[in-house]
Amino acid sequence: MADAVVVVALLAVAGLATAAVANRDPARQALVLAVLGTALAVLFTVLQAPDVGLSQLAVGSALTPLLIMLSVRKVRRRSAHGKDSKQ
Amino acid sequence: MNGWILAATVVLAVGLGTTLWGVATGPLGRRVVAQNLSTALVCPGLLLLSQGYDRTSYVDLALLLALLGPVGTLVFARLLADELAEEQPRAWGLTWAAAGLGAVVVAVLCAVTGPGRSMVKLLIVGALLVGGNLLASRAMSGGFPGVSRG
Amino acid sequence: MHRLLPLLPAVPLLGAGLLVAGGRHLPRPVAEAFGCLAAATTAALAIVLLPHSSPALVEWVGGWFPKGGESVGIVLIGDGPSLGMAALVSLLTLAALAYSWHYFDEPPRGHAGTFPALILLFQGGMCGFAVAGDLFNAFVFFELMSAVAYALTGYRIDEAKAVQGALSFALVNSLGAYFMLMGIALLYARTGELAMAKIAEGLNAAAGHHGPDALTLTAFVLVLTGLLVKSAAVPFQFWLPDAHAVAPTPVCMLLSGVMVELGVYGVWRVYGTVFSGPGGLPAADVTRTLVVLGVLTGAVGAVMCWYQRHIKRLLAFSTIAHTGLFLIAVGVLKAEADDGAALYILGHAGVKAALFACAGILLDRYGTVDEFSLHGRARHLRGVGATFAVAGLALAGLPPFGTGLGKAVSEEAVGAPLTVVYVAASALTGAAVLRVAARVFLGFGPRPEEREGEEREEDKTSGADEEPETRQRLVRVPRTMGTVPAVLLAAALAVGVVPGFAGLVGHAVDEAGTWGVFSSVHWTATGVLLDLLSTLLAVGLALVAVTRPGLLSAPEWALPLRRLQSGHVGDYVAWLLVGTTLLGALALPAVLR
Amino acid sequence: MNPRARLWLVVLGGGGLAALLVAACLRLPAFGGPWHPYGDRAVRAALARHIANTIASVNFDQRAFDTMGEMTILFAAVLGCVVLLRQARDEHRDPPEPCEVAAPVRRYALVVLPIALVTGLYVIAHGQLSPGGGFQGGVVAATALHLMYLGADYAALERIRPVEAFEIGDALSASAYLVLGFAGVLAGGAFLANTLLPYGTFNTLSSGGTVPLLNAAIGMEVASAVVVLLARFLDQAVEIEEGSGS
Amino acid sequence: MGSESAVTAVTHVLPYLVAAYVFLVGCYGLATSRNLIHAVGCLAVCQSATYVLLLAVGYRDGGTAPVFSDIRPGSRPVVDPVVQALTLTDVVVGATVTALLLALTVQIAKRHGTVDPDELRELRG
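Protein chains in written order, with my numbering: chain B, 2 to 88; chain D, 2 to 151; chain G, 7 to 599; chain C, -19 to 226; chain X, 13 to 137.
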């Protein structure tokens, strides 16, 4: 029964990983990845690895989404720019 | 297994379950709301776990999440401002409910720990969590009005 | 002496750190000289340590020497092969830095130290991987050399092909590294250790009399996948031509000359140390796996190499073909074959780096590396042409080059049927290079015609419109750029001729190997004859191809093979998965017994 | 290859890999088992050196060489991003327009920025005592600075963040880690040997010999590296424009 | 075999199976991706499988973190610290590699005008 919380975290990670792959739009995927990062941090906590949980929170909840969203923005701005110049 | 872990399990199951469903489906606005809620729901879960495992040092995790979770949401609100401006996502009922959950958990834990350094830390976590959560909701529904580029 | 082992990676890394910290205010020659100094210091260190490597140097970083046979630290192994690889890496790094001296266009402006710093980081990663005796530590340095290699490959961001090639390279290799990490995690779960020798003990203890089980097999397959992706074995090879054809020339010299070979070295090291005991994989199954992959790699690389007209791409495919030959030699699990592979790798590094250096000169002089459009244009580059042609002959195995010696020794060890692969692959790749030499530097034969009719997708990789890597097109070849390939070629020659060198290499490899056999390595009559045969075949093929282009043009059956090289990263990942399954299937009999 | 053929390959290869992985999982020791020889030795070694957080001891003492490699990967990746995201020949910089931010968001950012910065430093400083350390704290501190971008605009961020200084800081702190390693050799011991300083009192900030120093070097390295990394991406996303000007 | 032992058997391998599943899902997404940024995200998913596997391997029933700032050494069983250090390294490596890959993707978008691998029509043959 002590494992119930581990099972919950594991299932959440599995579900979020599936969602991260299934959402093909990068902005939406970034949102899922942010939540996946949080879920992984929970999993690491229940596996008694708070150090790893902390770094996963630091990297996963703000840094990686920011990097992905900045790339998305650059790519989109480019294509929008390209369309403008064609018109 | 003790009551704290049981409570944490329930909070985390509900929290991660709903945010998984919310972040994976539906329009963009709803997904951002779900991302914001994930912070608000998981953070109390982490606090409860820390109490359940009887490890005060685990509170740092909740502190970091309460600090960085809203920052993550602000990133999305900022960089998706154009899309969100059309949707104006609002879920004040849910937001207040989550904030309330955070407040209750922090209050209960404070009562259990009693005055001291740990209590101060808990209060900081609580303030950051509730404040950040409400603020991030505000930012989503139009916190960055004039972002074209920059 | 063992205290100095960790410095092999640490010196270049510190050099890179200081170069970045101070490079902003340094004039370019100073920054480059500092980079060369750091690389040369490391090379000197490796060479100084080499004579002391018998018995192998063992260092526990941080002074965590084992107590009661157990340690919590990281172990480094300084035996002949590991120090030899570190020395090779360092010398080739020095050559690459010398080649890029002053002329190579090194953006970003005002950061004179950036390019040498990246090269030094690359060197540090490779040296660290070479001396690693701990599986996770090997993974860390593996990742370091990969990460630097991605950045270096995409260095010329103005070029569409460069960034695409770099991304394919990065995605496939990162995935490969994660396969390896999964394998390491499985091994840790089984044995509770990370040092390679301790893992082997753990596997033996766990297996008892039953031999390996599914977990050992899976761990073997996963770790091997990571290493074989790096060494570009079929079907993991797709990233290599894409990356090597677009990377800056000095980087190509390192990628083709040593990085890919480090993958083969890793296979040798990991199998020999971790999986060769009774708890590991039986020899027959490993031989089957590696030889099948090696033969496939040699064949695919050689055939694809023949049909290229983009010179750097052609060289990249020849690297694949030769990696296949190295894999076969490592795969037959014989002391003598290991010696052959070691000599072959040494000779090949010099020859292949020299070839890339010559191709780079063509690129900087004419702004193209297309064999067709360069026809006869480089007649007056006599020195470069001579180097290129001799390197082509050496690639085919001309005695007394180190490649020829390595090939001869390997052929003798692997046995008659596999010798055919050696002769065919080296003849075909050598012929392709000689064909290019004859056309480009001598203007032999009719000018090759563009294909009639519709333009094929494959023609987009002709190499016709590439940007030179120097700030402006070279009018004459700078002395550094011309000398480096000649020196490299001379070094490859020295591997074969210097008396006693081959014997030393063979002894060092045998001592580090697990077979407990010492074989004598020398030229034999059969070996020389086989080498001459493949050289003659190469010359003949090249002559026919130049004078009668129609006779040896790409037949229809070769087209599907070329189409597989699709440039699509999804395909490459799919092949990676298939390759893992193939490895599993080939090694499966190990657990069915 | 068409998508269909690729999917078949993925199914074939993925099926094989799945079979291998599942077969291996079934042979693994049961989850939660009591047998962790290396882990138990590591705990004993950490306590012998008066380090309360065993993970910090493994990272900065027992397996400090891994951490050196890892830090170098970060350093190399940042250098790589500086190279890859440089301003290309056909691009120019276009200062972004100032951006309006709702007042509560601005206030929140300005209040949280110092808190996050202090938290980052706290997490770094307590690395060898409680969960956390140079990596985690460094990322937090670096992220904190970027609240300036969220709370105000890019120009405000650029004022508090001289990228050049951070680039040099990144290189210097990476070098500092390596120099600490060399110090061990120069003192006649092993590379990265933790024998130069006294181990101090258990569970205090100065315990653990060189561990706090290595931890601090990593913290500074990570913080600078993340700042430089984000600066390059922000430059691309916000400032660098294609064409020769419009 | 009672249902209780079946449950135990499942929890004994579930974490490993979840790691394997996450790894496979990530590989699938990487192979079939139509957007390079999405592909980089899928690679991150693959990597999180390695974290899960490593930490699952190091877990000990009833154990707690080997961090002795708030508990007395030896008072409680602790989990394996080594895998945690390895995972920590892995997390940092993952984040940096992601950054490098995204930098390359940004440049691809500039030079090719697309991030759809199906439309990148160079480097064939």
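It is worth saying that the hints were derived from the structure and are not from the lab. Check the hints yourself; a few may be wrong.
[Claimed, not checked] Have a look at the derived ranges for each label pair, beta carbon to beta carbon:
hint	chain 1	residue 1	chain 2	residue 2	range
1	B	R77	X	A18	16 to 24 Å
2	B	D26	G	A591	32 to 40 Å
3	C	P142	X	G86	44 to 52 Å
4	X	D128	D	P116	23 to 31 Å
5	G	P35	C	R139	54 to 62 Å
[As the list claims (entries may be wrong)] With a cut-off of at most 25 Å between alpha-carbon atoms, the simulated SDA-like pairs for lysine to any residue come out as follows:
hint	chain 1	residue 1	chain 2	residue 2
6	D	K122	C	A105
7	D	K122	D	V109
8	G	K73	C	Y179
[Said to hold, decoys possible] A few chain D positions that, by computed beta-carbon distances, are all more than 10 Å from chain X:
hint	residue
9	I6
10	G27
11	Y54
12	R56
13	T57
14	D83
15	E88
16	A92
17	L95
18	C111
19	G115
20	I125
21	A128
22	S142
Note that beta-carbon positions come from the ideal geometry of N, C-alpha and C, so glycine has one too.
Hints and how they fare:
Look at R77 of chain B against A18 of chain X: about 50 Å separates their beta carbons, and that is not inside 16 to 24 Å. In this structure the hint that D26 of chain B and A591 of chain G lie 32 to 40 Å apart at CB holds, the actual value being about 37 Å. Roughly 49 Å separates the CB atoms of P142 of chain C and G86 of chain X, a value that falls within the hinted 44 to 52 Å. Our hint of 23 to 31 Å for D128 of chain X and P116 of chain D is violated, since their Cβ atoms are close to 59 Å apart.
Separation of P35 of chain G from R139 of chain C is about 36 Å and departs from the stated range, judged on CB atoms against 54 to 62 Å. Of the pairs offered as hints, the one joining K122 of chain D and A105 of chain C holds, with about 17 Å between alpha carbons and a cut-off of 25 Å not exceeded. With a C-alpha separation of about 14 Å, the suggested pair K122 of chain D and V109 of chain D falls inside the 25 Å cut-off, and the hint holds. For the given pair, K73 of chain G sits about 20 Å from Y179 of chain C by alpha-carbon distance, which is consistent with the 25 Å threshold.
At roughly 12 Å from the closest C-beta of chain X, the C-beta of I6 of chain D stays outside 10 Å, upholding its exclusion from the interface. No Cβ of chain X approaches the Cβ of G27 of chain D within 10 Å, the least distance being about 19 Å, so the stated non-interface status holds. Distance check for Y54 of chain D against chain X: the nearest CB is about 6 Å away, which does not clear 10 Å, and the non-interface claim fails. Listed as a non-interface residue, R56 of chain D fails to keep its Cβ farther than 10 Å from every Cβ of chain X; the least gap is roughly 6 Å.
Here T57 of chain D does not stay apart from chain X, with its beta-carbon only about 5 Å from theirs, under the 10 Å limit. No Cβ of chain X comes within 10 Å of the Cβ of D83 of chain D; the nearest lies about 18 Å off, and the non-interface call holds. Its beta-carbon lying about 22 Å from the closest one in chain X, E88 of chain D satisfies the requirement of being farther than 10 Å from that chain. The claim that A92 of chain D is not at the interface with chain X holds, since no C-beta of that chain comes within 10 Å of its own (minimum 25 Å).
For L95 of chain D, the requirement that its beta carbon stay farther than 10 Å from each beta carbon of chain X is met, with the minimum near 26 Å. With a minimum CB-CB distance of about 18 Å to chain X, C111 of chain D clears the 10 Å threshold, and the non-interface call stands. With a least beta-carbon separation of about 16 Å from chain X, G115 of chain D lies farther than 10 Å from that chain, consistent with its non-interface assignment. A cut-off of 10 Å between C-beta atoms confirms that I125 of chain D is not in contact with chain X; the least separation is 18 Å.
With a cut of 10 Å on Cβ distances, A128 of chain D stays outside the contact zone with chain X, its closest approach being about 23 Å. Every beta carbon of chain X lies more than 10 Å from that of S142 of chain D, the smallest distance being close to 27 Å; the non-interface claim holds.
When held up to the earlier numbered hints, the structure conflicts with 1, 4, 5, 11, 12, 13 and fits the remainder.
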